[in-house]
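Chemist: The task is simple: from the sequences and hints, build the whole structure.
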Amino acid sequence: MTAGVDKTSIVELHDVTVAYGRKPVLWNVDLSIDAPCLYGIIGPNGAGKSTLVKAALGLVPLSGGSVRFFGKPLDEVRGRIGYVPQRESVDWDFPVSAIDVVLMGTYHRLSWFRRPGRRERDTAMDCLDRVGLADVANRQIGGLSGGQQQRVFLARALAQEADVYFLDEPMAGVDARSQERILQVLSGLRDRGSLVVIVHHDLRTAADWFDRVALVDMRLVAAGPTAEVLSRENLTRTYSGHLELLDEIGRAMQTGRRTR
Amino acid sequence: MTAQDRLESLLSHNTLVVAGGVAAVGVAAAVVGCFGVLRRRALVGDAAAHATLPGIAAAFALTGRRELWVLLAGAAVSAIASLGALSLIRRHTRTRDDAATAIVLGVSYGAGIAAISGLVARGVAGSAGLEAFLLGSTAALTLHDSLLVAAISAVVVAVVLAGLKEATLVAFDPAFAAVAGWPVGWIDAVLVALTASMVVAALPTAGAVLVTAMVVIPPAAARQWTDRVPTMLGIAGFVGLVSSLAGVAASALVPRLATGPAVVLASAAVFLASLGARFLRTSWRPPGVSES
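Residue numbers (our numbering), protein chains in the order written: chain A, 377 to 636; chain B, 3 to 294.
Note that these hints are calculated values from the structure, not bench results. Please note that a few of the clues may not be correct.
[What the hints assert, rightly or not] Among the chain B residues that face chain A by a calculated CB cut under 10 Å, a handful are: (1) 66; (2) 69; (3) 71; (4) 168; (5) 174; (6) 179; (7) 182; (8) 183; (9) 225; (10) 229.
[As the list claims (entries may be wrong)] Chain B residues, not near chain A, derived (Cβ > 12 Å throughout): (11) 6; (12) 40; (13) 165; (14) 170; (15) 233; (16) 281.
[Said to hold, decoys possible] To be clear about the criterion: a stretch of chain A counts as covered by chain B if any three or more of its residues have a C-beta under 8 Å from a C-beta of chain B, and this derived list gives those stretches: (17) 415-427; (18) 486-496; (19) 566-579.
Keep in mind the model is a prediction, meaning the values are calculated, not measured. Here a beta-carbon is modelled for each residue, glycine too, at the ideal position from N, C-alpha and C.
Modeler: Dropping the structure here:
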């Protein structure tokens with residue numbers, strides 16, 4: 377995948393290497409995404425999928441390499457990036473309501489010390505409505521189900537009104553109804569021209585959901601259109617050492633064929 | 003004491019002056035403490051508090067003066083130094099958060115006690131009064147001292163209220179805040195500095211050992227009453243106000259009762275009552291409106 381001379385990639389990772397202490401987690405990842413789509417980052421547990429996203433977003437330091445968005449450094453384009461961290465990364469007992477959390481998505485448009493006003497509230501309410509949670513807007517977030525919590529996070533990202541969205545395991549521990557709603561919203565974002573990058577661990581659904589995928593196992597194994605990338609050879613290379621998953625790979629292959 | 007003596011002692015000019023300063027401190031410590039509790043870093047304030055002692059001893063030894071502002075300036079310097087040490091240990095060694103906090107707390111407290119008892123043992127005039135900073139003693143606060151701690155409290159509350167949006171965002175989801183471009187490290191540092199300021203300002207009230215209770219217990223009590231951050235700050239401030247006033251009153255009435263323990267016991271009573279109230283409210287909720 378090489379970007380054309382006159383065409384800037386939406387996201388371009390060049391030779392990205394990340395290490396925690398002395399332990400390398402990601403090696404020499406070269407990845408560029410050029411067009412709006414649903415993009416899956418797939419790989420086994422501990423493969424560095426989340427780390428890849430965190431590295432792209434500047435949350436973990438790079439040991440080497442570089443990241444550019446729209447041909448620019450991250451700091452110049454933060455306003456165009458939406459982020460949904462893993463659900464377990466926050467304390468759901470925190471004393472805020474669903475609408476409070478979604479309002480946080482509008483904060484970057486407000487200056488220091490300015491409080492969200494009418495316009496921000498309307499935006500936040502609209503985003504909650506899009507994920508089907510307008511009726512629990514004022515509920516403390518700990519009182520929501522896992523799927524609802526994940527949708528609140530998604531609504532907050534929607535309120536960011538970004539061009540690129542990164543979601544870290546948005547389907548983990550989420551009921552079928554929430555999954556469907558989330559997928560529907562994400563597809564809507566893509567159809568309106570946004571790039572949606574999703575860290576995902578479930579091979580079975582990956583073939584159905586994503587337009588393009590990257591297979592990651594500490595290195596980039598393969599990247600491109602889903603049907604091409606999820607080949608038996610690539611999957612075996614990604615999941616070698618994860619023999620217990622071979623069954624799952626078999627099933628994923630079948631699902632992949634069905635969609636084709 | 004007769005009843006009239008007690009009333010006079012409560013309403014004496016000195017007690018009222020002290021009460022004003024202590025009330026301001028109680029409110030501000032509780033308000034800024036909310037973010038320590040929400041960020042799950044409640045013990046950082048405790049480390050800073052114990053680390054004030056070497057600074058107090060050093061300020062006295064170097065200047066030979068006992069005015070409150072001199073001693074509190076020393077306290078602030080050593081509290082900040084200890085927080086710096088804490089952050090260095092966390093970042094550059096493999097010591098975990100809780101162990102690093104315990105190390106800094108223990109070492110700095112040990113150094114403080116050694117320094118103060120050294121001064122007392124050598125018979126340095128006035129050094130015995132330094133021991134009041136261990137458990138808190140409001141008896142010697144002057145009007146000037148009261149104004150000083152009240153002014154610190156007012157500034158701290160003003161900054162917290164101004165930055166409520168930013169502080170809440172960073173306390174809830176620092177990773178999201180960082181990606182959106184907020185300087186998470188700096189916002190955290192300001193919150194820690196505000197906490198340290200209140201710990202220092204509250205030293206005359208509660209003392210180095212117990213001051214953390216003024217920062218932690220009122221927020222914990224307030225959390226039982228509300229699911230909103232702004233309301234939590236308000237209730238915590240109120241609990242801080244009530245319990246510090248109760249503590250000062252108790253120590254004015256009971257001979258030789260240090261202020262610190264009295265304040266802690268008062269806020270602990272409010273905390274227990276809040277827990278009980280929450281338990282009653284949640285167990286009386288009708289089955290149809292369960293939260294999940």
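Chemist: Each of the hints needs a verdict: does it hold here or not?
Modeler: Hints, one by one, checked against the model:
no.	hint	verdict
1	66	43 Å, violated
2	69	35 Å, violated
3	71	29 Å, violated
4	168	7 Å, holds
5	174	5 Å, holds
6	179	8 Å, holds
7	182	4 Å, holds
8	183	4 Å, holds
9	225	7 Å, holds
10	229	4 Å, holds
11	6	46 Å, holds
12	40	6 Å, violated
13	165	6 Å, violated
14	170	7 Å, violated
15	233	8 Å, violated
16	281	16 Å, holds
17	415-427	violated (count 0)
18	486-496	holds (count 6)
19	566-579	violated (count 0)
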